[in-house]
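Residue numbers (numbering that gives the first Met the number 0), protein chains in the order written: chain A, 0 to 188; chain B, 0 to 585.
What the hints contain is simulated information worked out from the structure, not anything from laboratory work. Quick reminder that beta carbons are idealized off the backbone N, C-alpha and C, glycines included. The reader is advised that the hints may include incorrect statements.
Derived CB-CB ranges, DEER-like [as the list claims (entries may be wrong)]: (1) Thr-238(B) x Arg-11(A): 32 to 38 Å; (2) Arg-24(A) x Glu-186(B): 35 to 41 Å; (3) Gly-120(B) x Leu-145(A): 32 to 38 Å; (4) Thr-16(A) x Lys-355(B): 22 to 28 Å.
Straight-line C-alpha distance at most 30 Å; calculated BS3-like pairs for lysine-lysine [stated by the list, open to error]: (5) Lys-471(B) x Lys-511(B); (6) Lys-511(B) x Lys-65(A); (7) Lys-551(B) x Lys-511(B); (8) Lys-65(A) x Lys-129(A); (9) Lys-65(A) x Lys-361(B); (10) Lys-200(B) x Lys-189(B); (11) Lys-51(B) x Lys-473(B); (12) Lys-325(B) x Lys-200(B); (13) Lys-361(B) x Lys-325(B); (14) Lys-161(B) x Lys-65(A); (15) Lys-65(A) x Lys-473(B); (16) Lys-51(B) x Lys-189(B); (17) Lys-51(B) x Lys-65(A); (18) Lys-65(A) x Lys-325(B); (19) Lys-65(A) x Lys-322(B).
Covered by chain A, per the in silico footprint, the following chain B stretches (three or more residues, Cβ under 8 Å) [unchecked claim]: (20) 279-287; (21) 545-557.
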Amino acid sequence: MLHTFVAYVEDRPGVLTRVASLFRRLNINIHSLTVGRSERAGLSRMTVVCEASAEAGHRIQASLYKLENVVDVDDIAQAPSVTRELALIKVAATPRTRSQVFELVEVFRARVVDLAPESLTIEMTGVESKIEGLIQVLNEGEERVLEICRSGKLTMRRGHHTSGVLKAMSAGEDESAVESVEEGVAELE
Amino acid sequence: MGNDANKQATSIIPTRLTGAEIVWATLVAEGVTDVFGYPGGAILPVYDALRKFPIHHTLVRHEQGAAHMADGYARASGKVGVALATSGPGATNLVTGIATAMLDSIPIVCITGNVSSKVLGSDAFQEVDITGITLPVTKHNFLVSRTEDIAPAIRSAFQIAKSARPGPVLVDITKDAQQATAIFDFEAAKPRAVRPHPMRKVEESGLAQAAELIRNAKRPVILAGHGVIESGAEEQVRTLAERAQVPVALTLLGLGAFPASHALNLGMMGMHGESWVNHAIQDADLLIACGMRFDDRVTGSVSTYAIKAKKIHIEVDPAEVNKIIKVDVGLIGDLREVLESLLPQISGRDGLEWLKKIATMKGDSAVRDIKNLPDSGHLYAAHVMHDLWRMTGGNAIVVTDVGQHQMWEAQYYHHEQPRTLITSGGLGTMGFALPAAIGAKFACPEKEVWVIAGDGGFQMTAAELATIAQEKIKINIAVINNGYLGMVRQWQEFFYERNYEATPMVSPDFVKLADAHGIAGLTVSTRAEVESAVKEARSAPGAFLINFKVEKEDSVYPMIPAGSALHEMIRRPGGKDPLEESLDDK
Chain A
0 MLHTFVAYVE DRPGVLTRVA SLFRRLNINI HSLTVGRSER AGLSRMTVVC
50 EASAEAGHRI QASLYKLENV VDVDDIAQAP SVTRELALIK VAATPRTRSQ
100 VFELVEVFRA RVVDLAPESL TIEMTGVESK IEGLIQVLNE GEERVLEICR
150 SGKLTMRRGH HTSGVLKAMS AGEDESAVES VEEGVAELE
Chain B
0 MGNDANKQAT SIIPTRLTGA EIVWATLVAE GVTDVFGYPG GAILPVYDAL
50 RKFPIHHTLV RHEQGAAHMA DGYARASGKV GVALATSGPG ATNLVTGIAT
100 AMLDSIPIVC ITGNVSSKVL GSDAFQEVDI TGITLPVTKH NFLVSRTEDI
150 APAIRSAFQI AKSARPGPVL VDITKDAQQA TAIFDFEAAK PRAVRPHPMR
200 KVEESGLAQA AELIRNAKRP VILAGHGVIE SGAEEQVRTL AERAQVPVAL
250 TLLGLGAFPA SHALNLGMMG MHGESWVNHA IQDADLLIAC GMRFDDRVTG
300 SVSTYAIKAK KIHIEVDPAE VNKIIKVDVG LIGDLREVLE SLLPQISGRD
350 GLEWLKKIAT MKGDSAVRDI KNLPDSGHLY AAHVMHDLWR MTGGNAIVVT
400 DVGQHQMWEA QYYHHEQPRT LITSGGLGTM GFALPAAIGA KFACPEKEVW
450 VIAGDGGFQM TAAELATIAQ EKIKINIAVI NNGYLGMVRQ WQEFFYERNY
500 EATPMVSPDF VKLADAHGIA GLTVSTRAEV ESAVKEARSA PGAFLINFKV
550 EKEDSVYPMI PAGSALHEMI RRPGGKDPLE ESLDDK
């Protein structure tokens, strides 16, 4: 089954390796990985998509939590969520053949963001299947697809904010440490 | 060593120190008294500062030995062991020892020097990416390149090493960070409180369910592992066993967690466990797994493992629950705390029928193999283990290596107390025993320490004899010498048509080798000589080595071939023949 792990991790050197190494050790291929800053200073948000059994998924989640630099983990593949992917697609197109591509872009509600004499670049945001669809149609057309750059899956649970980060950051046994973390967070807010 | 008052002061009042001094000041404040290491260029500033601090440094002969010594120290004392090494080869030599500690969840902190931060990543002389190399075999590691980060990193390392499921932590410090100065403030360097694993939880309903299962079980067995010792839950396990009249089977690393002489003790489970232990597990209708992880050496084939039994798993590491064996109730938390919450719900239970049934299974196989060894005039390793147990009253710390002797020790040396058997279970690291015993001796200088090693494993780290000599410590060494890599030979005998490829081994005269180190020794080749030799070793003022020349092609029985069901074991040939020799006439 497909798993989508959302992990909040400390924004430090080597953390990506630690996370990736967990999947490597289990010989699991990562379909997509996105990393960027989160709503909390000093914490990055990673979204890792991979194929693994339910048991392996549970183990990955438990093992991710064991990493010192990981603050929160969620597996949201099965949860109601908002999911997007961004793709930039460069297509070989001359002034003579452009119009066909423009038509496709229109149908898929994508945008052309760069135009050159021999090529154009399409920006497309949507769910994975929609991006796959555009790429497929482009590949079937006369114009050659020159480059594809995809962001990988970006995803968030629907509705109420459920990130356990705040709770996780302040869940130590040491009262003063809890306070200082909460103060720190309050300052950020 | 320097002035004690001075040191106390450095650990309390914030003071400007060099990074090297901060390393030691932090260790002193963490309560460290002994470290094991080997100097070199990138760690020299740290060594240079050692004389100012009240820490005893043991110079090892190979860094693998340093890691095993820290490991043996931790296993014997329950405290964090510390190893020190330089960059490059010094650091890579630690790796086997670190992995050994990782697989057995042992809290050690390894401190390595590295090249200056300016040349990190440039393939400088003796530079290696040790944080990268040890990433999968440490619980966590740190690369420190700023002096002010040294104390917080070392303090975090100690906290991580000993919290929840313990494990090794490595702190790699660049040379320039050791040389520069910073304000050392031990209090300010305190790490954030441990963040509890969110999946580590014990629900009331789980406790009630577990109590219900125990109440209704007809054939329950407790499986006690290393976690019992790590968590200090020996009393709680004993109370559970006695109150509910549940027999206790132990893993290799669990030996000592429950007294061997206790009426409810079954003995060791798994590949070389006694037949009645494995049969009891296969017959059970409830397994109460306490601080163990269903290792493949314990389960045999997973698909046929205890299929009639409900399973309760009490374990601190959420990643271990439902990893190998699907359980009915998972109670994820510190074993002692979980049992403390569970025990009030456990009432007296009549377990007599089941205990009787196990006693029948046990039958005369209880007075078994050792009495049935053919009287060939040869010495059997089982004799040696039995006599060592008898003569030390089961009170010594026994440090075993890996192989046949390790299993014989587990079968014939009966451990009453926790932390009296130190052995590499998970990684199965040959060469572990001698250095680990040195660490154990430093942790418990008043205790009698015996190394039991095979002729193969002993030679892997025999250089540490020189460390024993230099430190003038009293360790007794029993080399179980059969001229083969015995366990591998046994597998070749059983599964590779006796093709003894690369297992016959020519060894030096171990007594002469000991003598070359100024260590006394004796060779023993008959049963009659065992007692006097052991006596001599025990009464000798210094370290002593006994070279036990044992039966060459003896095998460890019973044996469950890897991947077979737990009840499909290879029994000792002719195991039920009447004995000629009694146990007690030595």
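Comparing the hints with the structure gives:
1. Between Thr-238(B) and Arg-11(A) the beta carbons are some 45 Å apart, a value that contradicts the proposed interval 32 to 38 Å.
2. The supplied range of 35 to 41 Å is met by Arg-24(A) and Glu-186(B), whose beta-carbon atoms lie about 38 Å from each other.
3. Between Gly-120(B) and Leu-145(A) the Cβ separation comes to about 35 Å, which falls inside the hinted range of 32 to 38 Å.
4. Hint check: Thr-16(A) to Lys-355(B), Cβ distance near 57 Å, so the stated range 22 to 28 Å is violated.
5. Annotation: proposed proximity of Lys-471(B) to Lys-511(B) holds, straight-line Cα distance about 18 Å (limit 30 Å).
6. For the hint pairing Lys-511(B) with Lys-65(A), the CA-to-CA distance comes to about 49 Å; that exceeds 30 Å, so the pair is violated.
7. Note on Lys-551(B) and Lys-511(B): the hinted pairing holds, with a Cα-Cα distance of about 21 Å set against a maximum of 30 Å.
8. Our distance criterion of 30 Å between C-alpha atoms is broken by Lys-65(A) and Lys-129(A), whose separation comes to about 36 Å.
9. Straight-line distance between C-alpha atoms of Lys-65(A) and Lys-361(B) comes to about 42 Å, which puts the hinted pair past the 30 Å bound.
10. Between Lys-200(B) and Lys-189(B) the alpha-carbon distance is near 26 Å, which keeps this suggested pair within the 30 Å criterion.
11. Restraint check: the Cα-Cα separation between Lys-51(B) and Lys-473(B) comes to about 28 Å, which is no more than 30 Å; the hinted pair holds.
12. The hinted pair formed by Lys-325(B) and Lys-200(B) meets the criterion: a straight-line CA distance of about 18 Å does not exceed 30 Å.
13. Distance check on the hinted pair: Lys-361(B) and Lys-325(B) sit about 29 Å apart at the alpha-carbon level, within 30 Å; holds.
14. As the CA atoms of Lys-161(B) and Lys-65(A) are separated by approximately 14 Å, the hinted pair is consistent with the 30 Å bound.
15. With a C-alpha separation of about 40 Å, the suggested pair Lys-65(A) and Lys-473(B) falls outside the 30 Å cut-off, and the hint is violated.
16. The hinted pair formed by Lys-51(B) and Lys-189(B) meets the criterion: a straight-line CA distance of about 23 Å does not exceed 30 Å.
17. With a CA separation close to 37 Å, the supplied pair Lys-51(B) and Lys-65(A) exceeds the 30 Å bound.
18. With a C-alpha separation of about 21 Å, the suggested pairing of Lys-65(A) with Lys-325(B) holds against the 30 Å cut-off.
19. For the suggested pair Lys-65(A) and Lys-322(B), the alpha carbons sit about 15 Å apart, so the restraint of at most 30 Å is met.
20. Against chain A, the segment 279-287 of chain B contributes 0 residues with a C-beta closer than 8 Å to a partner C-beta. That does not satisfy the three-residue criterion, and the hint is violated.
21. For the segment 545-557 of chain B, the stated coverage by chain A is violated: 0 residues have a C-beta nearer than 8 Å to a C-beta of that chain, whereas at least 3 were required.
In summary, the structure is inconsistent with hints 1, 4, 6, 8, 9, 15, 17, 20, 21 from the numbered list given earlier, while agreeing with the others.
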